[in-house]
Each structure stands twice: as C-alpha cells, then as structure tokens.
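S.K.: Below, each chain spelled out in residue letters.
There are 2 protein chains.
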Amino acid sequence: MKIDVGKKILSANEEYAFKNSKVFVERKVLCLNMISSPGSGKTTILTRTINELKDKIRIGVIEGDVQTDMDAEKIRATGAPAVQIETGGACHLSAAQVNRALGELPVDRLDLIFIENVGNLVCPSAFELGETGKMAVLSVAEGDDKPAKYPAIFARSKALLINKTDLLAGGLIDFDMDRAKADARKLNKEIKIFAISAKTGDGMDKWHEWLKEQIEAVQRGPS
Amino acid sequence: MKIDVGKKILSANEEYAFKNSKVFVERKVLCLNMISSPGSGKTTILTRTINELKDKIRIGVIEGDVQTDMDAEKIRATGAPAVQIETGGACHLSAAQVNRALGELPVDRLDLIFIENVGNLVCPSAFELGETGKMAVLSVAEGDDKPAKYPAIFARSKALLINKTDLLAGGLIDFDMDRAKADARKLNKEIKIFAISAKTGDGMDKWHEWLKEQIEAVQRGPS
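Chains as they are written, first to last, in our numbering: chain A, 1 to 223; chain B, 1 to 223.
Here chain A stands alone, though its shape is the one from the complex (with noise of 0.2 Å):
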C-alpha cells in the first residue's frame, strides 16, 4: 500500500476557494471580501466607491443575503456588475457560490471584485472563498468594543473601514475612535484603517489610494 503523505485533503470549500483564488490570480483581478454586521453601510460604501472610481477603476459585485436581491439592484444601478447570492438561511458565503457567481461575471474586464458577504460579524471570517484579501466594516453606531468583542474578523483583515462617522457630528454616539483602532490593531499589526462616511463621503479618498495600490500589487503579480 502507498500513502501520499504530500497531498492534502482538501474540504469541499477550499477546493473551490482554490480555484476562485487561481481565476484571482491569473486574471489578476484583486478580490476583496468584505465582512461586517448587519446595518455597517457595506452596500453605501460599495455604490459610493463605484461611482467615485469608475472612470479609473473597473468593479464587479458579487452580493451574499440571506433573502432579497435589493443589494445587488442597488449596485446595478451605478452601471457596476452585480450577481446575487441568496443563501437561503445560511450565515455565510461559500466558495462554491462565489465559484458559480463569478462564471456571471466579466471577470476578463475587471480590475477589482468585491464580495459582500452575509451581514454577519462571526460565521464568514471562518470560510475562505479564494480572496485576495478579507476586510471588515465596523459603523460607529455599534460600538468601539466590537473589535474586542469578535476579534477573529479583525485579526484577518487587510483593512478595516469604520464608517458613519458622520453619526459622530451631532454628539449622539459615545464611540472612542482611538480604542476601536488600538484594540484592532492588537489583533493585527497590519491592518490598515480608514475613518469614512459613505454617505458624506468624508475619509473615502485615501481608501481609494489603498484600493489603487491594492490593484496594482495584484497586476504587477508575485514579486
């Protein structure tokens, strides 16, 4: 009998994250996966960041909900390419799903894919779905304690939106700024944080810097 110690067994999910993560890297489109709570203003962000960019950058979506397609009309609506995911339940995307969802979308004429994954703070930062990288969405309006309190999708994230800042303005939310920032970068030294509203689209500039500098990491391939 012959035992191949070298090969790895491979979960169903990763086997499809490994093919999604090869079409990433041949196509050398950067894929993001982003990951938040329900309510963070993920789909505000996206819209936003697709009709500022645009003219420069090419974006798809690939939209997770449990139920309704709202997300991704909203994101066809800036001319951007969407496909939905419904997960029916599930608290999570899966590799599979994306695997389906990206044979919809023009992956040959895009720089950029987001994922939107499930509003979901726990279950989606366990599940590879062959991203380039994972980023979280923390809105103020759900505490500074959040990073302290699930710290698994921030110990994993390239990046780290805090968004509705423009909620701090008129005095109503008590959100200590520096401690969600600290506290995350406790987790992970390497995360890059930006301070935006989606909806004023105060702080979006320098996102999109790191966004330019992400594609063309991704373009010029392994160094």
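None of these hints come from the bench; they were simulated from the model.
For glycine and all other residues, C-beta sits at the position ideal for the given N, C-alpha and C.
Treat each hint with caution, since some may be false.
[To be verified] Here are the simulated distance ranges between beta carbons:
#1 A:187 x B:155: 29 to 37 Å
#2 A:201 x B:217: 46 to 54 Å
#3 A:96 x B:100: 30 to 38 Å
#4 A:51 x B:56: 51 to 59 Å
[What the hints assert, rightly or not] List time: in silico DSS-like cross-link candidates among lysine-lysine, alpha-carbon distance up to 30 Å:
#5 B:181 x A:199
#6 B:158 x B:212
#7 A:199 x A:74
#8 B:199 x A:199
#9 B:206 x B:56
#10 A:158 x A:206
#11 A:181 x B:199
#12 B:22 x B:158
#13 B:158 x B:74
#14 A:181 x B:74
#15 B:74 x A:186
#16 A:74 x B:181
#17 B:186 x A:74
[What the hints assert, rightly or not] Reference listing, derived: stretches of chain A covered by chain B, where coverage requires no fewer than 3 residues with Cβ under 8 Å from a Cβ of chain B:
#18 117-127
#19 168-177
Following the hints, put chain B in place on chain A, whose structure we already have.
M.R.: Quick look at chain B alone, frame taken from chain A:
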C-alpha cells in the same frame, strides 16, 4: 424486533433545550432569548430595564459573547446576577451552555431571565435554548430593510424592540419606521413592536408593561 415509533429522537441541543424549558415552567420564570446584530444596544436595554424595574421584578441575565466578559460586568453593576458564557468563536449560544449557566443563577429567586445571545442576526434564531420566547432588537442605525433581509428572527420573535430612536431626532439617519414595522408584521402577525431609546428611556414604559404581562402569564401557568 420492536420499533418504538412514539419516541422522537432529540438532538443533543434539543435535549438540553427541553431540560431548560422544564426549569422555566416548573419554577415559573419567564425566559426571553434576546437576538440581534452586534451593537444594537442589547446590554444597554438590559441595564436600563433592570435599573427601572428592580424594585418590582427580580431579573437575572445569561450573557453570551464570542469573547470578553465586559457585558456581564455591566449587568452586575446594576446589582442583578449575571453569568457570562464566552463561546470562543461560536456564533450562537447552545442549550447546554445555558443549562450550565442556569446552575450558577439563583433561579428560585427570579421572575425573569434574559439570555443575551451572541450578536448575530442569523445563527442564534435556529437554536432553541428552551426559552419561553425569542425577541429581536434592531437599531435604527442598521436600516429599515433588515426584517426583509434577515427574516428568520423576526418571524420567530414574540417582541421586537426598535432601539436608538434618539438617533432619528438629528435627521442624520434615514429609517422608515412604518416600513420596518410592516415588514416585521408581514413575517409575524403576532409580534409586539416597541420603538425605544435605551439611552434616553423613551418608549421603555410600554416595553416594561409588556414584560409584566408576560411574567404574570408565566406565573399563572398554562390556562
């Protein structure tokens, strides 16, 4: 061979849920399983509710979090007994965890036990803990589309608290209260909805009245 078709095979979670529900029924304690996204204000609702009702109702709390015991500390500061469960990554509380926590609470000296589930609008709704009933919390900052997008918990809840109504005053948040209520009622005709601000106390009186009615119903026993 004799096959006992009358015996239903329960999952491990259902077994513990059944044990817990026996405790609540026999000791005539109302148990509410509170489910929401991270940062909807569950802990603030609980501390304010306990402080306002502690002369009339004896309340205990089981706190579920992925990590940290910050929430149990906040509850204990009110004088109410609280047990923290850290799930260490899991996205929902299990009935076995609640069963162990009940052993640490003075159940015989309580009228009401709140289970503050892990902040997650998807997974906890699928796991029975033996509670008298589920309830949902939705912050206006999360958006009025959440009942449509995450229907399961709204379909299964006895009550819905729409929290952080104080944020509506500044005009900074677009939240169509009628739409949120109508969508929740479309999923669940019986759901009681209370628009509250746990920060200012606005609307809390009706929620307290409802709690008292629920406790009286449990203390009367099955009719």
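S.K.: Which of the stated hints cannot be reconciled with the structure, identified by number in ascending sequence?
M.R.: none
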